[in-house]
Amino acid sequence: MTTLADVPLIIVSDNASSERRITPAWSIDHLKTKLEPITGVPPSSQRLSLKTAGNQVIPIEAADEENTYLASFPLAPYAELHVRDTRPPGARPNFTDTSGVEKYVMPEDEYEKKSNSVLAWKKAQKLGRFDPNAPSQEQAKRAAFAQEVEERGIAVGRRCRVGGDDTRRGVVMYVGEVKEIPGTIGAWVGIKLDEPAGKNDGSIGGTRYWGEPSELKNGVFVRPDRVEIGDFPVLDDLEDMEEL
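Quick note, the sequence shown lines up with residues 1 to 244 if you use the UniProt record's numbering.
Certain hints may be false.
[Claimed, not checked] Straight-line alpha carbon distances no greater than 25 Å define the calculated DSS-like cross-link-like pairs of lysine-lysine that follow:
1. Lys-113 / Lys-123
2. Lys-126 / Lys-113
3. Lys-217 / Lys-192
It is worth saying that the hints were derived from the structure and are not from the lab.
These figures come from a predicted structure and were not determined experimentally.
Use the sequences and the hints to build the structure in full.
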């Protein structure tokens, strides 16, 4: 007599969802006994149904469940076996409510010393932040700003405007990091505005990035996302004057 191979099924209930191997030679009654410690539902309160790949729902039930075997149902690998609890809600133990359970939280330094933890495995496999070839957070930020510079076509000598303000036109004088701006990394864009509406004269924190010392504050340093490169000539104030 040929013995049918076990079939892996996904057991789904209100309290659990897990993969289990089911033997087709089991009776329905025996299956329910096996499911009780998994789902917490007594055999007499279990209502079973099989959900196939085509989303067809097939009840697993019979008049004589002690002598009706699972081989008579279309068991397919990784089909879902749903276990419904027929007891009234008030009669069901709530296994998912852990609000009243005192929890132990392992100190972080103790967890880091364990050799059989997920953290230890990540270290051994050099995954995530333990990968020496993975870009650091700083490297990622620098790369993002560099990409913004490239995509916007920002380069020294190009005309631009700042922040979408048509009156703040100028020319790009510097592209790169500015160490004098505290707490920042990645590219800044130094712009010499056509009008003295800036914050500096091309120098910041004692470091000069362009030009000569001047009383006119027509220099600004902004992030690449605030710079718009294009045909922005110097504005002529006389163009807006009406003829007299």
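Item checked: Violated constraints from the hint list, given by number and in increasing order -> Failing hints: none at all.
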